[in-house]
Amino acid sequence: DVKVTQSSRYLVKRTGEKVFLECVQDMDHENMFWYRQDPGLGLRLIYFSYDVKMKEKGDIPEGYSVSREKKERFSLILESASTNQTSMYLCASSLPGGSRGYTFGSGTRLTVV
Amino acid sequence: EDQVTQSPEALRLQEGESSSLNCSYTVSGLRGLFWYRQDPGKGPEFLFTLYSAGEEKEKERLKATLTKKESFLHITAPKPEDSATYLCAVQVYGNKLVFGAGTILRVKS
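So the protein lines, in turn, are chains A and B.
Heads up, the first sequence is in our numbering, so the first residue is 31 and it goes up one at a time.
Heads up, the second sequence is in our numbering, so the first residue is -1 and it goes up one at a time.
The shape of chain B in the complex, shown without the other chains (with noise of 0.2 Å):
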């Protein structure tokens, strides 16, 4: 069975602060893996794709990497603004997504 985990459920952070957020993942045939960011009330938003292990992504303060096993979302110097929840989740045969339970990430200024 495909399944995704996210760890941890919550980080709270300083601004400034960086960190990182993991996404494990087991599927039987993984042909990408994506990440979104999901603001309160409103729908997931893209952020990366990433296809082959070694594969990094990045964007302002945030940048993606991709393992065999998992993936990693970094965070450097985060502020306020970046307060969201963090899903992650893997295309499998077709173009299912199956999605983890996501990150709730806390920047305090």
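So here's chain A without its partners, still in its complex pose (with noise of 0.2 Å):
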């Protein structure tokens, strides 16, 4: 079975933080995606990797950053932590073409306080 790991499950941080959420998987696929997940609101795309070292923005990039210099592992970047970034984010991966859908992370709870 494919398995996406986010390191942290839950994370409190101070507004103005620097904040790295970090995100692996072992399936060897290229397409990697990095969601926020808010009541009412359902699951916005962040940022997506379609290879290493490509990003691209999805619909809500403002404030974040990503990066990704191996296949397997894809990271999210708060530059400036702000309290309206307190969500929950959740990655995936998934094969060229994502036929087979994505496979998520079980996602990190991060309060910024």
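Some hints could be false.
Claimed, not checked - Covered stretches of chain A (in silico footprint by chain B; criterion: 3 or more residues with CB under 8 Å from a CB of chain B, positions within the stretch not fixed):
1. 76 to 88
2. 112 to 126
3. 134 to 143
Unchecked claim - Taking lysine to any residue and the SDA-like style, the derived pairs with C-alpha atoms no more than 20 Å apart in a straight line are:
4. B:K94 x A:L125
5. A:K33 x B:E43
6. B:K67 x B:T47
7. B:K40 x A:L75
8. A:K33 x B:D37
9. B:K40 x A:G70
10. B:K94 x A:I90
11. A:K87 x B:N93
12. B:K40 x A:V42
13. B:K94 x A:R74
14. B:K94 x A:R103
15. B:K40 x A:T116
16. B:K94 x A:G88
17. B:K94 x A:P126
18. A:K85 x B:N93
19. A:K85 x A:K100
20. B:K40 x A:V54
Derived from the structure by calculation, the hints contain no laboratory data.
Owing to the predicted nature of the structure, the values given are computational and were not obtained by experimental measurement.
Using N, Cα and C, we set each Cβ at its ideal position, and we do this for glycine too.
With the hints in hand, could you dock these two chains into one complex?
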């Protein structure tokens, strides 16, 4: 089974801190994604990557950046955390074409105080 | 703008009471429609992919159908373990998925 592992289940950070969320997948998937999930809003795409060192903005990239130095690892960076970035963050990966759907990690619940 | 709307927002059923969840979509070019199940505190789990109108997929008590404008997830004789949030998503250009807000299903015994 494909596994997508997110480094932290829960994080509490202070406003203005730089925050790193790490995601690792073990099935050699080319595509990786970062979403945030908020009640009533569903999952919204922040950034995605089709290959190493490639990245593309999703629907809500403001305040975030990403890094993909290795195929299996995709990091989400909050440059200066703010309270409106308190959310559940979900990482996912997929094969090219995505016909078998995404495989998601268990999520990181981030609280910014 | 690509949009996915799910209804109802929440659904309470008695065990054995069959029902359907709806997913309507407005997209410029549908490449696939996906259903996921999400349990509390976990990431979404893939259920089905549908590609063309008229297509149906089944898995245990779940059956997904697709028309040109919407998809239904039919739940037959549900059990308490079917309680979860069900998410619908459409695949647009590239490999991007656009998600609906989900339907929270509670099945009581």
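Hint-by-hint comparison with the structure:
no.	hint	in the structure
1	76 to 88	holds (count 3)
2	112 to 126	holds (count 4)
3	134 to 143	holds (count 4)
4	B:K94 x A:L125	holds, 12 Å
5	A:K33 x B:E43	holds, 12 Å
6	B:K67 x B:T47	holds, 15 Å
7	B:K40 x A:L75	holds, 18 Å
8	A:K33 x B:D37	holds, 17 Å
9	B:K40 x A:G70	holds, 17 Å
10	B:K94 x A:I90	holds, 13 Å
11	A:K87 x B:N93	holds, 13 Å
12	B:K40 x A:V42	holds, 18 Å
13	B:K94 x A:R74	holds, 11 Å
14	B:K94 x A:R103	holds, 19 Å
15	B:K40 x A:T116	holds, 17 Å
16	B:K94 x A:G88	holds, 9 Å
17	B:K94 x A:P126	holds, 11 Å
18	A:K85 x B:N93	holds, 13 Å
19	A:K85 x A:K100	holds, 12 Å
20	B:K40 x A:V54	holds, 16 Å
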